[in-house]
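Q: One letter stands for each residue in the lines below.
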Amino acid sequence: MRSYTSDMNKYLLIVAMGALLSSGCNFQREYPAEIDGYAPIYMAETDQFEIKAVEPQPYENPGKIYQYGSYTFQMDQGKGIHVINSGNPSQAIKIKFINVPGVTDISIKDNMLYTNNFRDLVSINITDINNISVSHRNKNVFPATLDGAPPETNIYFECIDNSKGVVVGWEKKSLQNPKCFRQ
Amino acid sequence: MRNIILIAITIGIVGMLACTKDSANSGGASFDGGSGQGGSLARFTVVNNHLYTIDNQNLSVFDVSAADKPVYKNRVNIGFEIEALFPYKDKLFIASRNAMFIYNIANPEQPVQESRVQHFTGCDPVVVNDSIAFLTIHGGNACGSSLNQLNIYDIRNVKNPQLMQTLSMTNPYGLGLKDSILYICDNGAGLRLMNVKDPVNTSQIDILTEDNYLDVIPSGDLLIGMLTDGIAFLDISDPAKPTKLSEIKN
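Same order as they appear, the protein sequences are chains A and B. Quick note: the first sequence uses the numbering used here, first residue 224, plus one each step. Quick note: the second sequence uses the numbering used here, first residue 20, plus one each step.
Calculated from the structure, these hints are not laboratory results. Be aware that one or more of the hints could be misleading.
[Unchecked claim] Capping the alpha-carbon separation at 30 Å, the derived lysine-lysine pairs in DSSO-like fashion look like this:
#, chain 1, residue 1, chain 2, residue 2
1, B, 268, A, 317
2, A, 275, A, 395
3, B, 88, A, 395
4, A, 317, B, 260
5, B, 268, A, 396
6, B, 268, B, 216
7, B, 216, B, 260
8, B, 178, B, 260
9, A, 362, A, 387
10, B, 108, B, 88
11, A, 387, A, 402
12, A, 275, B, 260
13, B, 108, B, 216
14, A, 275, B, 92
15, A, 402, A, 275
16, B, 178, B, 92
17, A, 362, B, 88
18, B, 108, B, 92
19, A, 317, B, 263
20, A, 362, B, 92
21, A, 275, A, 317
22, A, 317, B, 88
23, B, 263, B, 216
24, B, 108, B, 260
25, A, 275, B, 88
26, A, 275, A, 362
Just so it is clear, the structure is predicted and the values come from calculations on it, not from any experiment.
Same shape as in the complex, but just chain A (with noise of 0.2 Å):
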């Protein structure tokens, strides 16, 4: 039979996760009809999984670096990895964009480039940068989002809606009735 504390500390891990998961929405806060807040970017389902090489593309929010060989790998959060020739660092240039949806890191090993596309771990072989493949995909190994809230503390923002697809970032906006608070 279980003792009462330890029944108790159960209850209160209970209530402190429900808290912390919970934190986004305080349903006791007054809600405004419209204030600036965040509101989440979506991309749709059939989108989500499409890795592929394409041409250099400008920086969106330059992220992240990782240093290979003659290389410099550069993500673009969420959307891809800029590839730059750094063999000569008196003239990096960018020679590919790798798009990877989700994207928030990386790491290479004998150039296998491991990656995170949303909940999935994906290998790419990057031995011919100028022909990746993708070699390998752990699936649902990650969490669902690793952008499950604004960033930014003590500020509202639209509540994530799942059936719009997986959230990629957030943009700052006029909001009409949000209904999620940051804290």
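Using the hints provided, position chain B relative to the given structure of chain A.
A: Here is chain B on its own, set in the frame of chain A:
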């Protein structure tokens, strides 16, 4: 202070930035194998035949001895709001919103917690060498703190890291270490060059204000800088005198 690696850890639900480390397993070789080098904001890292990834709460382990077919092996719950991880030898330094964790990965698929250092809430990247861990904490935005500082820890006893010094900063993100120079990406202020030869008497020797750096990777004589608006490559053959070689901002 040799054989330096950094750990960079960062924080934030959003994924902030950190700077970097040096070249332990960086290979630096051309495109012919080995693993590369991430910044201090990294959430993925390869150590030998294993890929470690962090999400907001967990550390996951994949066996990549067959590089083209990662095999999921284990998941360890670390805490809340895990931000960045940094490998150093047989340790993983993991930064969360309010703590720095040191995990032992001598048994690669069974990470074991060595210690947990609580710090004030904020966002923090870390860099490490054999005896010292540098941790930046920045506030504002999602970081839930108004603290902005560099913390220097003695980690000779990894089970009980000791805070040695705290220096005030503007809004520090990533960091990177080469020899006795620590580069700190102090958002809004510039790239700070700190002399850390004697960590207790860390002092600033220069600051580059031309660009806004968020993370750096020291890779041999090259310093790669993540900028708010792009990327920069600097020569650091003299670590105390970085000179910009090129940049890309469009």
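Q: Now look at each hint and say whether the structure bears it out.
A: Tested hints:
no. : hint             : verdict
1   : B:268 with A:317 : 11 Å, holds
2   : A:275 with A:395 : 29 Å, holds
3   : B:88 with A:395  : 40 Å, violated
4   : A:317 with B:260 : 26 Å, holds
5   : B:268 with A:396 : 26 Å, holds
6   : B:268 with B:216 : 34 Å, violated
7   : B:216 with B:260 : 16 Å, holds
8   : B:178 with B:260 : 36 Å, violated
9   : A:362 with A:387 : 21 Å, holds
10  : B:108 with B:88  : 24 Å, holds
11  : A:387 with A:402 : 17 Å, holds
12  : A:275 with B:260 : 40 Å, violated
13  : B:108 with B:216 : 21 Å, holds
14  : A:275 with B:92  : 28 Å, holds
15  : A:402 with A:275 : 37 Å, violated
16  : B:178 with B:92  : 26 Å, holds
17  : A:362 with B:88  : 12 Å, holds
18  : B:108 with B:92  : 20 Å, holds
19  : A:317 with B:263 : 17 Å, holds
20  : A:362 with B:92  : 14 Å, holds
21  : A:275 with A:317 : 16 Å, holds
22  : A:317 with B:88  : 28 Å, holds
23  : B:263 with B:216 : 24 Å, holds
24  : B:108 with B:260 : 29 Å, holds
25  : A:275 with B:88  : 19 Å, holds
26  : A:275 with A:362 : 18 Å, holds
The structure fails to meet hints 3, 6, 8, 12 and 15 from the earlier list, while all remaining hints are met.
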